[in-house]
Amino acid sequence: MTRTLRAEWVKLRTVPSTAWLVLAAVAFTVALGALVATGTSTEHCPTPSTCDSDTTKLSLIGVHLGQLTLAVLGVIAMTNEYATRLIHVTLTAMPHRIAVWAAKTTLVAAVGLTVGALSVAGSLLAAGRILPHNGFTAAQGYAQLSLADEPTRRAAIGTVLYLGLIALLSLGVAAIVRDTAGSISVVLALLYIAPMARLMVSDPRWQHRIDKYAPMTAGLSVQATRGLGSLAIGPWAGLGVLACYAAGALLLGAVLFKVRDA
Amino acid sequence: MRRLLRSEWTKLWSVRRWAIAMFGMIALTVVFIVLTSNSGSSNANDYPDFVVGPTGRPVTDEFEFVHQSLTGDGSVTARVATQTNSHEWAGAGVIMKDGVKSGSRYTALMVTPSHGVRLSSDYYTTVDGGSAGAPQWLRLTRSGTSISGYRSADGVTWQQVGTVDAHRLPATIEVGLFVSSPEALKVERSAGGTSVSGHATQGEATFDGVRIESAQARPDQSWIGTALFRPLTPAQQADVDRAKAQPQGQRKPSGGGPGTFRESNGTFTVFGSGAIGPREPADDMVEYALFSTFLGLLAILAVGVLFITSEYRRGLIRTTFAATPARGRVLAAKAVVIGGSSFVIGLVACVVAIVIGFPNMKRHGLAPPAYPTPSLTEGTTVRAILLTSAFVALVALFGLGVGTIMRRSAGAITTVIALVILPVFVAVPLPLSTAQWLLRLTPAGGLAAERAKPPSIEVAEPWATISPWVGIGAVAAYAAVALAVGTWLIRRRDTA
Chain A
1 MTRTLRAEWV KLRTVPSTAW LVLAAVAFTV ALGALVATGT STEHCPTPST CDSDTTKLSL
61 IGVHLGQLTL AVLGVIAMTN EYATRLIHVT LTAMPHRIAV WAAKTTLVAA VGLTVGALSV
121 AGSLLAAGRI LPHNGFTAAQ GYAQLSLADE PTRRAAIGTV LYLGLIALLS LGVAAIVRDT
181 AGSISVVLAL LYIAPMARLM VSDPRWQHRI DKYAPMTAGL SVQATRGLGS LAIGPWAGLG
241 VLACYAAGAL LLGAVLFKVR DA
Chain B
1 MRRLLRSEWT KLWSVRRWAI AMFGMIALTV VFIVLTSNSG SSNANDYPDF VVGPTGRPVT
61 DEFEFVHQSL TGDGSVTARV ATQTNSHEWA GAGVIMKDGV KSGSRYTALM VTPSHGVRLS
121 SDYYTTVDGG SAGAPQWLRL TRSGTSISGY RSADGVTWQQ VGTVDAHRLP ATIEVGLFVS
181 SPEALKVERS AGGTSVSGHA TQGEATFDGV RIESAQARPD QSWIGTALFR PLTPAQQADV
241 DRAKAQPQGQ RKPSGGGPGT FRESNGTFTV FGSGAIGPRE PADDMVEYAL FSTFLGLLAI
301 LAVGVLFITS EYRRGLIRTT FAATPARGRV LAAKAVVIGG SSFVIGLVAC VVAIVIGFPN
361 MKRHGLAPPA YPTPSLTEGT TVRAILLTSA FVALVALFGL GVGTIMRRSA GAITTVIALV
421 ILPVFVAVPL PLSTAQWLLR LTPAGGLAAE RAKPPSIEVA EPWATISPWV GIGAVAAYAA
481 VALAVGTWLI RRRDTA
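Going down the list, the sequences are from chains A and B. This note's numbering applies: residue 1 is where the first sequence begins, and numbers increase by one. This note's numbering applies: residue 1 is where the second sequence begins, and numbers increase by one.
The set of hints was computed from the structure by calculation and includes no laboratory data. Ideal Cβ placement from N, Cα and C applies to all residues, glycine included. One or more of the hints may lead you astray.
What the hints assert, rightly or not - Some, not all, of what chain A presents toward chain B, calculated at C-beta under 10 angstroms:
{"hint": "1", "residue": "F28"}
{"hint": "2", "residue": "L32"}
{"hint": "3", "residue": "D54"}
{"hint": "4", "residue": "I61"}
{"hint": "5", "residue": "H64"}
{"hint": "6", "residue": "L65"}
{"hint": "7", "residue": "V72"}
{"hint": "8", "residue": "I76"}
{"hint": "9", "residue": "T79"}
{"hint": "10", "residue": "T180"}
{"hint": "11", "residue": "A181"}
{"hint": "12", "residue": "L188"}
{"hint": "13", "residue": "R205"}
{"hint": "14", "residue": "M216"}
Here chain B stands alone, though its shape is the one from the complex (with noise of 0.2 angstroms):
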């Protein structure tokens, strides 16, 4: 099997069209990556829809506040009598947090309409606590370093939910109820674009047992209300006063207020709108960099067919069979020499296009904090160098396999391109979720693996709005039957 591989090896790296082919894919990545990465921008730092969170990243912080202040341990009590469904992710129960500022760290337990029990902390962190809702007992215990999250159906028999690290916060924090409910989007797609437009919905929940506990001795507070907002940017400011005119549809503008909230006889009834959570942007520039090594993927999957086509064209595939007469061994190393080699080419230029890529992004305003420069190093980004190198690596092998069912060139190489080139066109102009049955079944999924963050459907190109593992799933299924088909063909053919 060494010898054989070795010949392969050979035969693929020695034919100097096919050289430049595998590296003029770098080459076009390149420069596609100057070109596209220079010639975009973003405004999304004038314009934020997000607050800065503690790590510096871009997160959502408005909800309904109704606390008072704590110093050192202690808990706080409330059950949840009942929540309206205003949205799935509405969410209803007890919170301590770091003052009442916007972005500020926090831990909350609540009770959600669809999604069952959640505790939260500081954006990035949430712990399932089952699946229950309205009416529920929710307790919040700080005791050193953590808080810690029960939560109970009686208020006698307490369940705890989990435990997190509140290290970071200070001594006096403010506790209390809250109300959240996100904004209800909507997506428009057309062969245009895509266009996202938001409402805002407005939670409502009541509250009653509601019992501070403090380990020190503390003076009697009464209840102060506060909607979190984010604060406005100099220029949307701008834009609020040059739109004064018509105050409609604008957002309410920053930094708190009084809120809304009742109370008769211990019994709270409280009206929240926002969200609490992370709040990335749905453009990745992970996927943004990975995307210019597209067209390089004529240049792979060309390859991967001449590979064997060359060789009936030529005749030389009986000189090959003379000399290795197993002759499945000898596409198997076909496989793994083409397959090999173009996977490191994909590497090579993936990591080329995020080197080239990111600073030049960064200077056309995709910029932290809307955009936090992803690692090199991180997990996701990692995840989509690979993919996308296993996805070049798949497509050249897809193209051998064709090849070596069709023997012809020219068919199979318009097979492959049919393939996985022309459903990314076709893709474009169709409704989301035929567009995605599209990708899901031919091999053009293999894109999904381009993108880091997770799947969204507020961005335009319908190929980041499914899993990037069903994608390259895709393409490895059409790759493992074309070179399955082919090796069956390859042992029961002719020669020529």
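The following block holds chain A by itself, in its conformation from the complex (with noise of 0.2 angstroms):
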């Protein structure tokens, strides 16, 4: 196993793809996080003590950026052997299909969570500089932006395992359909369709069901630390929906690489 791991880790490095995807991931997401804090002032609220704006999740709003770029490396993980048709080489050196779905699966999930792990940090750190300039002071009896605080806590440890979900789902899904664009194509249209119908309509009753079981939308509720009364659906019970789709995928997955030819 740890001669698979370590082979698959070294295909996952050489692609110089991936440490682009890596760098981009983590910028894009601090720098919408840092762009949107910079943005977000108490000079809209009620008055300047009284705003209820969720820094936070704000904070962490570059998560919808760095999803992306991780869709984008969850697939090309799997997709670009196909394309350049080393899936052969792969699966004659090492004929136990699941041992090397098993690999790819560890790999690309520990570079998600890295991913997460460093954006999530970095948002947090760029937004707690930001924040207190523009009025959410600890003076003003804003609580600032920190891990002790347990709201915050779940909601940066949420959004970590988010974004490794995302990369799972995605190399699921590349699993299934071994096309670049094709899989890119199923992974936006799964996580963008369901919101975006949820724009459009306005009953309610259907907004509600969205938001509940549609991946995005529910897997996002883990960074809400206020209102928790008004989600759809709880914060860690909305990251399992998540967990739950990422979880379908990766095991049609594995059942299409076990039974398919390559």
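Both chains come to you apart, so use the hints to assemble them.
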């Protein structure tokens, strides 16, 4: 197993796009979060000390960009082998397909979680420095962004896991579809069609259903630190919904990887 | 060039998947317009904050009126000596009106604290009379079928502000002084939505030199003060009756009544609240209908990207460039074909959305008088339809440009989605000013083009708060830059 892992690691590491995508994912996430933090101030609030902005969630908003980059990474980790026919060599050298699949899953999860941890840490640090300049000061009674705060810790850990799950979901879809453009399209459709539809339907029942069962909206409910009562689904339960999608894709991907000709 | 266009046309429409995606946009629009137009509802007509104006459109007509009656030709003159700055659009001046019923025809000439002298008629006509405030002499003269407004700094030399048609006013009208001061609106936005609350402001102005002149002999009359308010609907009256225990915060009920003004030695002090003008709801039926094209954008942008990247993937690009060595012209032909095709597809989708959507919306409460059904041929509707089709075409062109630059479908589709679709979701929970900048600086701002009514901060969706032209300009800039860079790269690169 260690040799399989090592082989997969070499393949993943030596594709030039991997390093770029990791860098881009972290940079995009932190940059978008910092931009939004810069644009968020207490000015628009009823009074400077009564803002009910969910500053934790706003600081982590860059996850919207980070997840796209990770989705590409997760897909390429699989489809690249098909595009270059390397898959024949891989399976000749390591005929035990489930081991190969397990190694890929482990590595993509590790990369996803690492990117997630770096992005979340960077976003919280950046926003933590910017927000006090915009009026969110301790003197005005605002809790400063800190992992000691339980909801913020939940949002931070949850976002790291969210990004890991997005990478895994993409890997699973890629194993099913096997073509880069096709896989990306399916992942983006999975993530975005439901929220786009949610903006269009005005029926609150349907909006509630979409918030509850769509992978992106449900998964991102883990970022909420305020107004939990108005969420369609609890933070951890929402992340669980996304985990189900990822597990489903990984499972179906594993079965197809096992039974199909390469 | 014609043969080049024809070959690109063949490439686009002979790939069955792409043709399905292009027509899929129309199908998706139909699905969503049916879903959305049947699921929403509005009780705006049961709980109106408007009265029905002379042309059947919703208007607001609330102010303090100090008046006498006048038959036939004549004029009213007064000097607005002082005006408090209760609201930037507060008005104080002279008015000629068809009776004292809220919603009737009128012509008014006023000064405002921040917007100068204005001549206003029948809610929808306004003439800018230059930037001057109180003290100011104002005069309205009725002559035959028209009313003219004049202003003067000293009461000696008069300057005409404008003339408006008044042939629909009856012979006998009420003329006199008026003071208005609109509600101060407070808009609070949060991730969940937008809440708009207004609180009344009270305007105060003093007048002197008040004079009514008449072409016919007219008996002496005393001044009558009337406060104009909109009448309550049965639904509102029931709510008021139920809430009798706590009468604060309720609007004054209906139909006029004694107003508040004082007169001493020819100087009038008048207090008034409310506004005179159109009161169209911020919600826009055209925007609602056209927004159903949103999901179809995914299909269009994918075709835009694949139109070039699939040539790289299959090596067809070598054949294309061997046949037409002028590579810039190949890209131009592709742009014309995909841009033109998606414009037409977008146009059909928009018209279909409106034709299916409006009757459904009307049945679910978006009905006159609060929501006069917009006509397909109205200028603003036509603008929204054309700009939305242009938005669809520009998204396809942006996809083509990014596809040319990146040459890989996956990266290009992801990039285009990140710039066109993603900002929409990022913008919704943001504070308004940040959201507006995000939309002005990304192609997602093109959604602003779907709105036919003027941008309004009272709506929940942040893209409806920026100008449609700014929004479409952002998409056009992205498409132009992407295509320019693509052309430059395609000329200097090796083919594959």
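Here is what the structure says about each hint:
| no. | hint | verdict |
| --- | --- | --- |
| 1 | F28 | holds (8 angstroms) |
| 2 | L32 | holds (7 angstroms) |
| 3 | D54 | holds (7 angstroms) |
| 4 | I61 | holds (6 angstroms) |
| 5 | H64 | holds (5 angstroms) |
| 6 | L65 | holds (6 angstroms) |
| 7 | V72 | holds (5 angstroms) |
| 8 | I76 | holds (7 angstroms) |
| 9 | T79 | holds (8 angstroms) |
| 10 | T180 | holds (4 angstroms) |
| 11 | A181 | holds (3 angstroms) |
| 12 | L188 | holds (6 angstroms) |
| 13 | R205 | holds (9 angstroms) |
| 14 | M216 | holds (8 angstroms) |
When the structure is compared with the earlier hints, no violation turns up for any of them.
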